[in-house]
Structure formats: C-alpha cells, structure tokens
Amino acid sequence: DAGITQSPRHKVTETGTPVTLRCHQTENHRYMYWYRQDPGHGLRLIHYSYGVKDTDKGEVSDGYSVSRSKTEDFLLTLESATSSQTSVYFCAISEASGSGETQYFGPGTRLLVL
Amino acid sequence: GDSVTQMEGPVTLSEEAFLTINCTYTATGYPSLFWYVQYPGEGLQLLLKATKADDKGSNKGFEATYRKETTSFHLEKGSVQVSDSAVYFCALSDPGFGDYKLSFGAGTTVTVRA
Chain A
55 DAGITQSPRH KVTETGTPVT LRCHQTENHR YMYWYRQDPG HGLRLIHYSY
105 GVKDTDKGEV SDGYSVSRSK TEDFLLTLES ATSSQTSVYF CAISEASGSG
155 ETQYFGPGTR LLVL
Chain B
1332 GDSVTQMEGP VTLSEEAFLT INCTYTATGY PSLFWYVQYP GEGLQLLLKA
1382 TKADDKGSNK GFEATYRKET TSFHLEKGSV QVSDSAVYFC ALSDPGFGDY
1432 KLSFGAGTTV TVRA
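Residue numbers (the working numbering), protein chains in the order written: chain A, 55 to 168; chain B, 1332 to 1445.
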C-alpha cells in the first residue's frame, strides 16, 4: 500500500461544468501521475508532476489542467467537462527501490459526464 | 515513441488450465517492463516486473521473462484459479527519460471458470 487516496471516488456531472479530482499521498513521493482508463486503450497518461509546482503534459492532456502546491496533493481539473471525458481516472506515484522505479496506483475515480 | 502491444481478449479458461498472455514492446532505450492486474471493481496492482534483459519476474505463480531479442514480456501461469479472473496490463517505462512514465497495452480480460 503506497498510501494513495483519491477523492471523490464517484462523480456525476454535467457537460460544461468544471470538475476537480484530488490525489493525496502520505509518503513524500516526488513523482505523481494522472491516467485515464478507457476500454480498448489501457491507461493513458494525462499529466504528471516531478515536484511542487513542476508539472508536464502526457499524451492526452487536452481539456485537463493540473496543480501541485504541496508534495502530498496532485489535483486534476477538467476545465469544462465533456462527455468524452467520462472515464475512470487513476492517480499514481513512483517509488524507488533497489530494482528501479515502480508506479503504484490509487483506487480510482469513476467520472460520468452527462 | 514507446509502445506496448498485448494479446487481445477476452480469454476464457477452465480452472487449472495454462495461461499465456503475449506482450511485445517498442522502445528507443532499455525499458523496464511490468505486468499489472486489475480485479473487478478495483485499481491496478503491480503483479511483477523486470528491469533488464533475461530477468524473470514472478509473483503469485505468474512469471514473465524479459526477452530483448524478441522485444517480448509474455505472462504465464501454469494452473489458473477462479480468483485469477481479472484484467491484465503489460506496461513499460523507459528510465532514460527520467520521468518514469508508463506506456500501457490495451489490457487482456481473463475469465477463469470453475
């Protein structure tokens, strides 16, 4: 257990509204990631962070923004939600060990945009 | 760019059958390779990993060997149980980029019947 929580766990929202998802970690990991999971696509990287206020885009970043003002929190914002953003969102951290870096995932947030 | 291709599912097996899920990759560097498992309604859990050629990862009776010559990391289990029913994801991370991002395959759904 890498001490990752996500909130909310489920959300239903309407097209055009802003939505913020929160990822919280308790173990001071430097790297954090947001992925979305869709059938037939596996998981795709939205944004990631390599430190406080240091973020970069992933392969599917359009329509999303992120912020990291504290080491433990990484927020994902859908600026104006669309139905194509209906998905399951996973946060992850990267943990170093003797065998290199490994990512561990939070429990996910299921988002439905109507 | 880096990519992962894994065997399409769904795969349905009887208990005690042999399971193989094929995974091949394309990478510019020397990636680390992972198998993650997602049980119904849950997040992703690391199943096993390998970080260099000829390494064998193993866990819970599952094995996968990093084959650089065939760019493959096939997952195998000799005798599956109903509890192995899940979605399995192959993934890679290229440590040369320094950001530890994961590229995932599309996932393979495995159902084991009693």
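If you're looking for bench data, these hints aren't it; they were derived computationally from the structure.
A virtual CB, placed ideally from N, CA and C, is assigned to each residue, including glycine.
Take these hints with a grain of salt, some might be off.
[Said to hold, decoys possible] Simulated restraints, written as ranges between beta carbons of each label pair:
id, chain 1, residue 1, chain 2, residue 2, range
1, B, 1343, A, 107, 25 to 31 Å
2, A, 127, B, 1340, 31 to 37 Å
3, B, 1370, A, 68, 28 to 34 Å
Now for the hints, and whether the structure bears them out:
1. Separation of residue 1343/B from residue 107/A is about 48 Å and departs from the stated range, judged on CB atoms against 25 to 31 Å.
2. Between residue 127/A and residue 1340/B the beta carbons are some 36 Å apart, a value that agrees with the proposed interval 31 to 37 Å.
3. Checking the proposed 28 to 34 Å range against residue 1370/B and residue 68/A shows it holds: the Cβ atoms sit about 31 Å from each other.
Violated hint for the displayed structure: number 1, the only one.
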